Each structure stands twice: as C-alpha cells, then as structure tokens.
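**Student:** Chain by chain, the residues run as shown.
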Amino acid sequence: MNAQSSKVARNTKVMNRFDVTSRLVAKLKNEEAVIGGIGNTNFDLWAAGHRPQNWYMLGSMGLAFPIALGVALAQPKRRVFGLEGDGSLLMQLGCLSTIATLAPKNLTMVVMDNGIYQITGAQPTPAAAHTDLVAIAVASGIANSAWAADEDDFERLIDQSMSASVPTLIGVRIDDKPGTGATKRDPVQIRERFMLGLGVRQAI
Amino acid sequence: MAVAEQRTSPQASPEQETWYGIIQQTLKRNDIRLVPYVPDRVLTALIRNLHADPFFTTFPTAREEEAVGIASGAWMGGMKSAVLMQTSGFATLANVLASLVAPSQIPLIMFVSERGTLGEFNLGQSLVCRTMRPVLDSLAIEHHTCTRLDELEFIADRSIKQAVTTQAPVALILNPLLTGGKVFDK
Numbered sequence: 001m002n003a004q005s006s007k008v009a010r011n012t013k014v015m016n017r018f019d020v021t022s023r024l025v026a027k028l029k030n031e032e033a034v035i036g037g038i039g040n041t042n043f044d045l046w047a048a049g050h051r052p053q054n055w056y057m058l059g060s061m062g063l064a065f066p067i068a069l070g071v072a073l074a075q076p077k078r079r080v081f082g083l084e085g086d087g088s089l090l091m092q093l094g095c096l097s098t099i100a101t102l103a104p105k106n107l108t109m110v111v112m113d114n115g116i117y118q119i120t121g122a123q124p125t126p127a128a129a130h131t132d133l134v135a136i137a138v139a140s141g142i143a144n145s146a147w148a149a150d151e152d153d154f155e156r157l158i159d160q161s162m163s164a165s166v167p168t169l170i171g172v173r174i175d176d177k178p179g180t181g182a183t184k185r186d187p188v189q190i191r192e193r194f195m196l197g198l199g200v201r202q203a204i
Numbered sequence: 001m002a003v004a005e006q007r008t009s010p011q012a013s014p015e016q017e018t019w020y021g022i023i024q025q026t027l028k029r030n031d032i033r034l035v036p037y038v039p040d041r042v043l044t045a046l047i048r049n050l051h052a053d054p055f056f057t058t059f060p061t062a063r064e065e066e067a068v069g070i071a072s073g074a075w076m077g078g079m080k081s082a083v084l085m086q087t088s089g090f091a092t093l094a095n096v097l098a099s100l101v102a103p104s105q106i107p108l109i110m111f112v113s114e115r116g117t118l119g120e121f122n123l124g125q126s127l128v129c130r131t132m133r134p135v136l137d138s139l140a141i142e143h144h145t146c147t148r149l150d151e152l153e154f155i156a157d158r159s160i161k162q163a164v165t166t167q168a169p170v171a172l173i174l175n176p177l178l179t180g181g182k183v184f185d186k
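Taken in order, these protein sequences are the chains called A and B.
So in this note's numbering, the last spot in the first sequence is 204, and the numbers never skip.
So in this note's numbering, the last spot in the second sequence is 186, and the numbers never skip.
Read the hints as simulated data drawn from the structure, not as lab findings.
Note that the coordinates shown come from a computational prediction; the quantities given were computed from them, not determined experimentally.
In silico DSSO-like pairs for lysine-lysine, Cα to Cα no more than 27 Å straight-line:
| hint | chain 1 | residue 1 | chain 2 | residue 2 |
| --- | --- | --- | --- | --- |
| 1 | A | K27 | A | K184 |
| 2 | B | K80 | B | K161 |
| 3 | A | K13 | A | K177 |
| 4 | A | K177 | A | K27 |
| 5 | B | K161 | B | K28 |
| 6 | A | K77 | A | K105 |
| 7 | B | K80 | A | K105 |
| 8 | A | K77 | B | K80 |
| 9 | B | K28 | A | K77 |
Build out the structure end to end from the sequences listed, making use of the hints.
**Tutor:** If you want it as structure tokens, here you go:
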C-alpha cells in the first residue's frame, strides 16, 4: 500500500462514518479492543452496538491513537483498533512518529476525514483544502497506510490489517453527517466495563 | 552534580545511591514497566538507566499529553506505567487531566522535574512553575515535592501504591534540592 496524493484522496468515495464503523464492528469476532475518539467518532461506535471491548473518549481530544497504543502495548496478543477524526489527529500528529517507532503489529488506526469540525458547527479544519493525512502517516514512518477507495476497499484493508506485521492506518473520506447516537457519558463506568471486557478485572 | 548525591550512604547498593537509582528501583518493585517521557536535562540519568534496563519499555513521545494517553491506555489494558516530564510539560496537561485522567479514575503516576525555582535563570520557566501546583490543587490531585534523598523511596513507593489502590493520579515533583536542578552554566 502506498500513500496517494491529496488529489487522488479527493477522488476516493465519500462514505459515511456510521456505515463504515458498523462494517468494522461486524468483523470483530475475537474480542478486539476498539478505542473511539472524541465526539461523533465514538457516538457512531456506540450506535453500532456496544461491546465490552469498546472504550469511548469523552474529552482529551486527539488522544484516541495514543490510548490505543497503550492498550496495544499492554495486550500484544489482542488486536486493537483506534478510530479518530481528522481534526483530532491534527491535534496530535506527533503520535504517528511514536507509533511508527514502537511499531505494534496489533494496532489498526482508522481516520475519519470529512475536513470539518462537524460537531462544533462544521467549520473547515486547517487541513481541509491542502493536507493529505495518509501521506503524513507515511512520512511519519507508518508505511502501511492507505486511503480506502470505497466500502469494499475499507473492509479489505481492515481484513489485511488483522494479520499485518506492522501497524496499519486507514484513511476514510466521510460525509458531513453528525453521529447516529450519543454515548452515555459515564467515564468511570466506561473505563471499568472496558477493563472487564479486556479481562484485566473481574466484577466484584 | 546533585547536592543530594553527596549525602549518599556508603552502605547503599550501587543502584540506590542516587535519586534516579531509587526511582528506578521503586518503579520495578511496583511492577511499573512502561515509562513514556518527554526528556529534561535533569532527568537524563534516569532516562538513560531506564533504557539500559530490559525490565522497562521506555521511549520518548512528542508531547506530554500523548504520554498520558499511552499510560492511560496501558493501565486499562493491565500494564502499569509512569510518565516523566519537566515543569513546562506539565503545564500542557490541564485538559487531559481534567477530561480523561480524573473523571475516569486512572492512577496516572507523574514524575515532574521541577524547573523555575531555586536558581532558575529563565523567566518563562519560573512563571510556568507557578502554574503547576494550582492546577494540581484545583483538580484535587495528590502531589508531593521531593527534596530529600532519605525520604524519596518512602514518598515514591507509598504514593505509587496509594495511586493504584485508590485509582487516583499522583504527581511527584522532583525539586532541585533533590536533583541539583539545572543551573545557568550547564
């Protein structure tokens, strides 16, 4: 897989966040961990059907991939997915270099790119017109990075990442629709249930 | 070199003669294996020794909040960690502490090398330092300022155990009285 230019990226199909998130969740058969980034990204993860191995980020914008990296380092035998928005990733581009250096093979990152801060009123991000986030990932050292051309290609890239020997990043061009659901905002319960789901703790 | 190092007890094992040796051993004893950091001159010896010890997975991050995110994810995945930074790095953490660590009850263990006091030569550093304890206090985050070699193991060991058992973050501030700090001619 190679990085494509932003011009090519704009020719990829514009998909829908809830649809691609649902396609991902439908593939999860082995208690894979999923870290949903702030806002619509985790709202759609919630709406796709809660799983004990899902964790939903209610603040700390930009940290979905670092948190997913932490889970991946702690549980190297478990596949870990990080779902992040384009505006969020822009806040923490340096994490791509850290991930490239540590190179956990059990980490798959998905960037939902609509070029806007949808949840704050759909203002364009500073990257909207000229920046290719997948190219940034490649330049950061995550060679296994690609834009998904359409839904079938997204599913193919997800399948490939499951057995990859290096971390994977998948860029998805999405529309400007808001999230489908709204995550229950209970950070302690979210964290505790996630730890139960990962087998770190037993319920008392 | 650090004033504290001159108070070294001749009976101490080589690894425990220095503040950084004590921290290294205390991390080990508490099974803290993951140590992401943003470096600081004062922390150099600790960082070097953690890299040299295969017990630890230690690496630099681009920002301190990134290190906090990694440590938080690792905790949820069952691995204990500690993050290292200097004062100005801590000043970037108010959002992640207030919106992730504190509300999620994550026992984040922070070691902060203190710049901005006891001989600071950079006005900006001295002002940044003024923000650290008010931010910690505003979130009711436990913090201790470590100034003495003979108290360090007690403070660090007890604080780590308290953080884990009470599921609450803690900041251990490494004062120049302990580390020697950074002075103008360095």
